[in-house]
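A.B. asks: Could you put together the complete structure from these sequences and hints?
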Amino acid sequence: MSPNPPKKEYTRKDFTSDQEVRWCPGCGDYAILAAMQRTLPSLGSTPENTVFISGIGCSSRFPYYMNTYGFHTIHGRAPAIATGLKLANPELDVWVVTGDGDGLSIGGNHLLHVLRRNIDLQIMLFNNQIYGLTKGQYSPTSQVGKVTPSSPLGSIDQPIVPARFALGACATFVARSFDTSKKLPDALRAAREHKGASFIEILQNCPVFNDGIFDLITDRKTGPSCQLWLENGQPMKFGANGEKGLRLSPQTLSLEVVTIGEDGITEEDIVVHDETNASLAWMLTDLPEVVALGVIYRQPGPVYDQSVQAQRELAEVRFGEPDLHALLRQGHTWTVS
Amino acid sequence: METSAAARVQPSPRETLDSVVIRFAGDSGDGMQLTGSQFTTATADAGNDLATFPDFPAEIRAPAGTTYGVSGYQIHFASRNVQTPGDAPDVLVAMNPAALKVNAEVLKPGGLLVVNSGAFSANNLKKAGYEINPLEDGSLDRFRVLALDVTKMTLAAVKDVGLGSKEANRCKNMWTLGLMYWLFGREREQTVGWLKNKFAKRPKIAEANIAALNAGHIYGENAELPHGISAYEVPAANLAPGEYRNISGNEATAWGLVTGARLAGLEVMYGSYPITPASSLLHNLARLKHFGVTTFQAEDEIAAVASAVGASFGGSIGVTGTSGPGVALKSEAIGLAIIAELPLVIVNVQRGGPSTGLPTKTEQSDLNQAVLGRNGDAPLAVLAAATPGDCYYMAIEAIRIAVKYMTPVILLTDGYLANSAEPWPLPDLDALRPFPVEFHKDPEGFHPFLRDGNTLARAWAIPGTPELQHRIGGLEKHRDTGHISYDPRNHHLMTKIRHQKVAGIARDIERAKVDQGEGEGDLLVVGWGSTYGSISAAVRVVRSQGHHVSHLHLRNIWPLPEGLNGLLRSFNSVLVPELNYGQLVKLLRAEYLVDAESLTRVTGQPFRIGGLIEAIEERLQRSAT
Chain A
63 MSPNPPKKEY TRKDFTSDQE VRWCPGCGDY AILAAMQRTL PSLGSTPENT VFISGIGCSS
123 RFPYYMNTYG FHTIHGRAPA IATGLKLANP ELDVWVVTGD GDGLSIGGNH LLHVLRRNID
183 LQIMLFNNQI YGLTKGQYSP TSQVGKVTPS SPLGSIDQPI VPARFALGAC ATFVARSFDT
243 SKKLPDALRA AREHKGASFI EILQNCPVFN DGIFDLITDR KTGPSCQLWL ENGQPMKFGA
303 NGEKGLRLSP QTLSLEVVTI GEDGITEEDI VVHDETNASL AWMLTDLPEV VALGVIYRQP
363 GPVYDQSVQA QRELAEVRFG EPDLHALLRQ GHTWTVS
Chain B
-17 METSAAARVQ PSPRETLDSV VIRFAGDSGD GMQLTGSQFT TATADAGNDL ATFPDFPAEI
43 RAPAGTTYGV SGYQIHFASR NVQTPGDAPD VLVAMNPAAL KVNAEVLKPG GLLVVNSGAF
103 SANNLKKAGY EINPLEDGSL DRFRVLALDV TKMTLAAVKD VGLGSKEANR CKNMWTLGLM
163 YWLFGREREQ TVGWLKNKFA KRPKIAEANI AALNAGHIYG ENAELPHGIS AYEVPAANLA
223 PGEYRNISGN EATAWGLVTG ARLAGLEVMY GSYPITPASS LLHNLARLKH FGVTTFQAED
283 EIAAVASAVG ASFGGSIGVT GTSGPGVALK SEAIGLAIIA ELPLVIVNVQ RGGPSTGLPT
343 KTEQSDLNQA VLGRNGDAPL AVLAAATPGD CYYMAIEAIR IAVKYMTPVI LLTDGYLANS
403 AEPWPLPDLD ALRPFPVEFH KDPEGFHPFL RDGNTLARAW AIPGTPELQH RIGGLEKHRD
463 TGHISYDPRN HHLMTKIRHQ KVAGIARDIE RAKVDQGEGE GDLLVVGWGS TYGSISAAVR
523 VVRSQGHHVS HLHLRNIWPL PEGLNGLLRS FNSVLVPELN YGQLVKLLRA EYLVDAESLT
583 RVTGQPFRIG GLIEAIEERL QRSAT
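Those protein sequences? They're chains A and B, same order as listed. Residue numbers for the first sequence follow this note's numbering, so the first one is 63 and each next one is one higher. Residue numbers for the second sequence follow this note's numbering, so the first one is -17 and each next one is one higher.
Incorrect hints may have been included.
Restraint ranges, calculated between C-beta atoms of paired labels, are given here [as the list claims (entries may be wrong)]:
id: 1; chain 1: B; residue 1: Phe181; chain 2: A; residue 2: Pro362; range: 42 to 48 Å
id: 2; chain 1: B; residue 1: Pro425; chain 2: A; residue 2: Ser104; range: 22 to 28 Å
id: 3; chain 1: B; residue 1: Ala40; chain 2: A; residue 2: Asp277; range: 53 to 59 Å
id: 4; chain 1: B; residue 1: His481; chain 2: A; residue 2: Gln392; range: 40 to 46 Å
It is worth saying that the hints were derived from the structure and are not from the lab. The C-beta atom is built at its ideal place from N, Cα and C for all residues, glycine as well.
C.D. replies: Below you can see the structure in the form of structure tokens.
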């Protein structure tokens, strides 16, 4: 008998481990950690049924700071390890923590497959557009021209847009937020509530090797004109007073930024967000002038771990009680007397 | 007509043989593997002991008639104990010129050569590289040749069924099988039933194949065979009483994994990526979902092992199966399971290497990789199965060690074991001792590296257990808290503990003992893995000549069993035959400072008994002088 029976009401403290957090001062990861610790109690999660699986990199230290089960694994492989864990115990609430290098370079293959299989877990990709733990080399999301120790004349790699990668991999849930956003818990909650693989790209500042890369988006002053917060069923407007919006250009079949009241543009011209529209989602992942935030795409689909369970049940119906004795005798046997 | 002819001719008495080796050879598409396995089943039914060796090309359907598309199936059966598929065949069945070209070299002089002369067209001869038809130039005079137009006789036999010519032509193998059944006195009933079942939805195909099978048999009954060729009898062997089946290594491994998991009280999560010659493990396990088996065809070898590690973290027994190149990709994740101290079973069905090497050929060249092939000081347990049936018991043992010691275990089998079949006495399931896993549940004083004082295994507490939340990972952890630790003394200590834990398994396995012969003498032959049969047979021969030679066969490669050092030192010399360039021999020399000598063969084929006997005799002569 356990001396401390499980509590019914959990608080942030229950999800906070006793380990000293060792990210650099000012790292965006602190804000994400705090948001997670604050949000989990309100999701009905329990520490013992929650598992954080990470790969390698700054972001992947995350599990050590959560008072849940955790597995800090090897570079890029967290989605595959999380897949095995979900197959062993589908009841667990599994979160994968990865970064732009871990998830999109060395682990790109696993990220692709965990998304297309639609395993019921949440993937947080901390995107700081740089390799932090190896001291500042360019990453697969770094902009062209980025000067780093391994690209002294500027990076010549074309960057990948994480949310676009996820959509290409047939993800059923794609959201985007940023480290210090007050709305980050909303994205975490929506991801958790979605059945299947939920992908959240979190723009995250690296104060040491890539400081200020998202300032334009996250700054209080410039932010409102760069942040497009998506709401399903609502016109996609942004700007300090909601004066700007997205209109579909029939000529280019792309979304363009327009100002309501100018050039005869009215509210009617602004496209309404539809989370289930994959074409719209694709356009939203990479917009001119503005960054789409919130739930970009959400469409229920067959959940892998549920299908695995269904096949096991089908096998039990079709083949009956497992009988080792009969298994060893299937096919042809003979007796020597 | 035919029945009256048969009634007229009195069946000549069958010549009794002690043992026979037959090789069936033909195009990849000729169905030689099916023919061989049907002959095997009929032979098991006849009560012979047997061993088989399928030998097929990597190409799925190489261009017809070419030498590189030749597929072979060898069976050795006898009225006595059989340990190998045999060195040189006594009988070669060659379905086309290419099959003859590839295999004529190995057929014993005076051996029986059955050829389908109907396939010896100018075009096929050219494709096989024959300038002159070997059936006509006297080059086969050293054999007893039975050249028959199997194609023509098959088409005649199945004519009434009304198949297309392509499908009719495909029945050639059954015609040949029917003739071989008659020559060696095997029964047809089992094959007839098998054909009816296999082609239940295509009754015409079943009918044609059965007609061809019967026609081949009737041909044997009636035909006047050339001088020197008669029908044979191979009396039943004196097998131990009991219930038997034929089993291949990969079947045995799959069933052993299922059995082992049940003995542990766990479910199996088998993560795998298709690779020759391990894929049939995945196929076998995928059919056993109702036994608490989840199979996961991963996106690559790394994901396959990673999913198994994740499953073990979650409280299943994570298993991954592959071959050498796959193990190379998995090695980082195996290291993770070593430092996180999670149970994991890795089955390596070895094949010719390095790199892609010889995918369909057998080899034992991954021993170094298994014992040593990881970054850091990364010990784990390594087991090796000796025979196809032994794969069953070694798979159980792999799970037992993995869960008892919280360690990865590599089980080495190989392409020969995977595909070969042998009569297997069915195990007494009630005699297998359960080893139920008890997950840690007590929060009192818990940390993830709490250890069992005896086995040194760490506590296995699985997610979902209240109040035991903890974090593990690839970073070194502190011995007393489980927290990340860069303390130099702690790392030294943890390295030592990991080493001692695996070394301690030696106390929990069978002591080293000779398999054949005395515990001291002139020469100890030390083998491991699938060479068991050939070494055993060779040692039996030299012992019968009066030599003081013994055979020791290792099933535990790491840790090595206790008592091995003393045994190695009780012989004047030690010979280590391996199908690699000398790997176990280096391990023995390094561990025991013993002057063990290597005998290597890296041809993608099993040892020939004759070759082993020569090597042993040569070694004995050298010591004597």
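A.B. asks: Where does the structure disagree with the numbered hints, that is, which hint numbers, in rising order?
C.D. replies: When the structure is compared with the hints, none of them turns out to be violated.
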